[in-house]
Amino acid sequence: MAQKVSIDISRRNGDTGFRGAESCPACKQLLSTEELEANYKVCPHCNYHFRISAAERVAQLADRGTWNEIAASLRSADPLHFFDLRPYPDRLEEAEYDTGLPEAMIAGTCRIHKMDTVLAVMDFGFMGGSMGSVVGEKFWRAVDTAIETRYPLVVVCASGGARMQEGIISLLQMAKTTCAVEILGEAAVPFVSVLTDPTTGGVMASFATLADVVIAEPRSLLCFSGPRVIEQTIKEKLPADFGRAEKNLDHGQIDMIVPRPELKDRLVQVLGMLEGGVACAIEPLWEEEKSSPGRRGAFAEALDRIKALANPSRRSSKR
Amino acid sequence: MTELKRLPTLPGVHLRDEIAKISHRLIELNHDRRLDKAVWDRVELARHPERPYTLDYIHHMFPGFIELRGDRCFADDPAIVGGLAAYMGRTIMVIGHQKGRDLAARTRRNFGMPRPEGYRKAQRLMNLANKFGIPVLTLIDTAGAYPGVAAEERGQAAAISQSLLCMARLDVPTVAVIIGEGGSGGALALALADRVIMLENAIYSVISPESCAAILWKDAEEAHLAAQTLRLTSANLSELGAVDAVLPEPRGGAHRDHAAASSIIKQALEDNLRELEAMHPQARKRQRLEKFRQMGVWSEGGLTLF
Numbered sequence: 001m002a003q004k005v006s007i008d009i010s011r012r013n014g015d016t017g018f019r020g021a022e023s024c025p026a027c028k029q030l031l032s033t034e035e036l037e038a039n040y041k042v043c044p045h046c047n048y049h050f051r052i053s054a055a056e057r058v059a060q061l062a063d064r065g066t067w068n069e070i071a072a073s074l075r076s077a078d079p080l081h082f083f084d085l086r087p088y089p090d091r092l093e094e095a096e097y098d099t100g101l102p103e104a105m106i107a108g109t110c111r112i113h114k115m116d117t118v119l120a121v122m123d124f125g126f127m128g129g130s131m132g133s134v135v136g137e138k139f140w141r142a143v144d145t146a147i148e149t150r151y152p153l154v155v156v157c158a159s160g161g162a163r164m165q166e167g168i169i170s171l172l173q174m175a176k177t178t179c180a181v182e183i184l185g186e187a188a189v190p191f192v193s194v195l196t197d198p199t200t201g202g203v204m205a206s207f208a209t210l211a212d213v214v215i216a217e218p219r220s221l222l223c224f225s226g227p228r229v230i231e232q233t234i235k236e237k238l239p240a241d242f243g244r245a246e247k248n249l250d251h252g253q254i255d256m257i258v259p260r261p262e263l264k265d266r267l268v269q270v271l272g273m274l275e276g277g278v279a280c281a282i283e284p285l286w287e288e289e290k291s292s293p294g295r296r297g298a299f300a301e302a303l304d305r306i307k308a309l310a311n312p313s314r315r316s317s318k319r
Numbered sequence: 001m002t003e004l005k006r007l008p009t010l011p012g013v014h015l016r017d018e019i020a021k022i023s024h025r026l027i028e029l030n031h032d033r034r035l036d037k038a039v040w041d042r043v044e045l046a047r048h049p050e051r052p053y054t055l056d057y058i059h060h061m062f063p064g065f066i067e068l069r070g071d072r073c074f075a076d077d078p079a080i081v082g083g084l085a086a087y088m089g090r091t092i093m094v095i096g097h098q099k100g101r102d103l104a105a106r107t108r109r110n111f112g113m114p115r116p117e118g119y120r121k122a123q124r125l126m127n128l129a130n131k132f133g134i135p136v137l138t139l140i141d142t143a144g145a146y147p148g149v150a151a152e153e154r155g156q157a158a159a160i161s162q163s164l165l166c167m168a169r170l171d172v173p174t175v176a177v178i179i180g181e182g183g184s185g186g187a188l189a190l191a192l193a194d195r196v197i198m199l200e201n202a203i204y205s206v207i208s209p210e211s212c213a214a215i216l217w218k219d220a221e222e223a224h225l226a227a228q229t230l231r232l233t234s235a236n237l238s239e240l241g242a243v244d245a246v247l248p249e250p251r252g253g254a255h256r257d258h259a260a261a262s263s264i265i266k267q268a269l270e271d272n273l274r275e276l277e278a279m280h281p282q283a284r285k286r287q288r289l290e291k292f293r294q295m296g297v298w299s300e301g302g303l304t305l306f
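Chains A and B supply the protein sequences, listed in that same order. FYI, the numbering for the first sequence is 1 to 319, going by our numbering. FYI, the numbering for the second sequence is 1 to 306, going by our numbering.
Since the hints were derived computationally from the structure, they do not count as laboratory data. Mixed in with the good hints there might be a few duds.
[Said to hold, decoys possible] Okay, the calculated bits of chain A under chain B, using three or more residues with CB under 8 Å as the criterion:
(1) 65-77
(2) 175-182
(3) 202-210
(4) 232-244
(5) 247-261
All C-beta atoms in this analysis are idealised placements derived from N, C-alpha and C, irrespective of residue type, glycine included.
Okay, chain B solo, but in the shape it has when bound (with noise of 0.2 Å):
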């Protein structure tokens, strides 16, 4: 193959197409095309209409909830839910995703896609914590952002990069828990905190296997082939170092034993915001952005063009 690339041609002959096509011939030989089928297992699991939603894990991990709503613009966002917890003596903000249990509720949340309302939301409340050094729990679980037309016309993506912005910046310690879900820029705009803490049957991923499976392979039906090449597994999100823990569920899976699952999310949380606690603000701060400044993967040899 080599050496048929550095093949000398004439002018305007190309045999890129050629090498293209043996390559993709080649490498569909090799490639093990086999779909494992525990991912496609984890991906239903993450959506399993019986696991704990955010305020399942409110009501087991925090009995002195109060739901704060509004964004002070527009409306509340149920898809979002957020308030001040009473958690070991002190209190704590919690934010997260909320799909619904039944159709009407389901209905009511809009199935935890938020709409720009509930980001602003989620902002206005991590900087009322901030104001008076109120740590931070975000715990998410959405299919994504909603794709709606007046979603889109009240600023879907500034709601979105404004959050992300919003959790930069915040002085106090912040721990993001993907607990289901975790789809797309909808999904990240809660999860940039100190520490990203995983629950093993949760996915974490750039667009959902579905999406890209219909760009990618012009096949919606090929979503298991994308959800493993995505890599959207607990263990590979560990392994790519995205996520700073996985947390192990109840045998079974979350769905199985909720006040479980809640004490050992209750439980990692202790942990680490006595670390996070123990670090001074612009330290935590500094450490938090040089953390996503590490993100990513690349070679610095290529040729300078210019």
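Next comes chain A alone, as it looks inside the complex (with noise of 0.2 Å):
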């Protein structure tokens, strides 16, 4: 977890203007954190994506000053007193000391260029990601809150699946998170998921696959069954590309790959199609809102106008 280290070094050494260095460990290139920072965390040379916090991709994609956390004060329980060679809630409280986050994902409301959104984040630095029971409900709360305030909502997924640690009742939040998207689906609410390195198990086998648009990061890896097990079961070893983005892309399993940078955009573009209905260019309207800060964009208007079409209760929406 270099990047994280980083960030500390940065915040703490704030007055001395030194920001600290990582190489790419795709490239080798050493690259200063504020280079870093500023291309959303993707090498410039090679365009490695480096895995990010969950904090991080908040702060990429919401509105600066609009994030609303819900659900925030869920914590896991121990139901199996799970004890491996340590006990489940020491690799809890751990996780939540490396990462400053109190489970694998957190969930708000955000607006994303000025359009309002539920947005839940997972964060791979806790405990690989894994979905326990707070990781289900909090996916069920933030479908309730898209239901209810009738914003679309955006799921960035990074997982190694289930976590071993809450048996099967980690197993049964599949089904729990899928029942979520039945429900979603029946109110017609949009819901998009962003597959990020690595989405695997458990996640990928139920809400990452079951969004109306799947995104994928370039090169993350997204599967069903980890290379290794894989490896293991043929006895053979993988190619390099198996299972990444690119790959699954060929196969059909993912609508687009879209480089980070890039995310947020997409993510509204996509957002405002499946809600309005209305297939418009909007691209240049977006050129034009990003150069003039501060200044409604065109797009957001004609969003605007789209959403009232769609759906009339919204016309009293508190802009």
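Two independent chains are provided; combine them into the complex using the hints.
Here it is as structure tokens:
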């Protein structure tokens, strides 16, 4: 987790101007933290996407000052009194200490380019982004909020799968989140998932692949069974591109691959079209909005009109 | 220990690792790490080669069974069988994992480990049942969905998630019976049902004890301990609220008497269907979704960080 270390350094040594540096795991280029953060934690030389924390993801996607966390007080219990080499509560405590997060998912409402959205983000740093009771319940509450407000739901996934330490209960979170997706679908609220490196196992085999539109980050590992499990089964070495986003796109498993710097724009385009049910040429409008911060962009206006047409109850929206 | 945790330290000095070490040692000393042999016996019974499989139950329970094959996309997966059966004067859709009895059958059926085609066939059959108001019975018995490159390329994850969504959506009554091994997502894909019932000696788990031991204990030899820790027996699962009912098996286990085991399942099916069919389809679906919503254990008193 080298990137986390550099964040800490930047925080602690903010006065001295030293912000740290790290080398890209793919092309070995040394990158300064400023350079990396300015480029959304993507290597400017080889386009390697560093794994980022849930907080960084929210900061990249949500408009400044619009994030309102929901279900923040949920904490894992230890229903199985699970004890392997260490007790489960110990692992939870350590994960909280390491990530600063209480669980592997944070959820909230926010605006993405001025568009109201329910956003849930998983953090691979917290016990491998594994799904236990709290992740399942947070997902359900995010869905509830999306239905209540009629804001679309965006879930950014990063997970090794179900959390073994909660045994069968974590397996049943796959069923639980699927039921939530069904309820969201009945309400016809748009749901977009963003699959990031890595999304595997029980998360991949439940809500991650049930979204209306599935977006992936470049080179992310997306599969049900991980490469090591398959290698052990077939007793062969797998090619390096096994299960990568590009392969998944070729095999028809995802809708698109979007580089991280373009993700925010692309999300709003997709959500706007899903909500409005209207296809329009929006790229040029985007440019206009980005170039004139502070002023409401033409696209946002257009989007409001589309939304008002699609759902009259929203006309009195609180903007 | 609590005092130790509260001990003030200089900035940058952490006692955390030391505390972890000590508490680990303490728990090791206190924790009852004796193996309960009965748990592993259950695992072996659930995997017993003579244990009745889906087709055995179908043979004993439904004399008129018409197998329907193929997913209409790519192939027919013999690791999942399904079809229409005559049952108490009406029709029922039966879908289940099928392991093989001898080596040839095992190879053909891929040891009961389905590929995406299997889950897509299951969905096709469930949707067919839904169209004609036919109740669905699923019989679960798999080590897990097959981990292979081709299966991944054809969307193993999506096949499972769509199977789950299909079951969440059905208007007809659904009963799932875990008859042997309930292995992870590959088993759950057929188990999102109005009633989830488990045979006494069946197991149902998020991961196989062997894999769990390899990951958490870094030693596959610890599978017995992992099995105990995962709490995968019918008694454990019933206690955790993960299954709705547990069915007793014939003395010595289902493998001793296939016919008796079948009639026990048949009776349970009848009882559950009678209850489920008395409900309005929409109420039944709500109840199903609400049941799975309740799955999970958490506390809600944590500090808010943001």
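Hints violated by the structure (listed by number, smallest first): none
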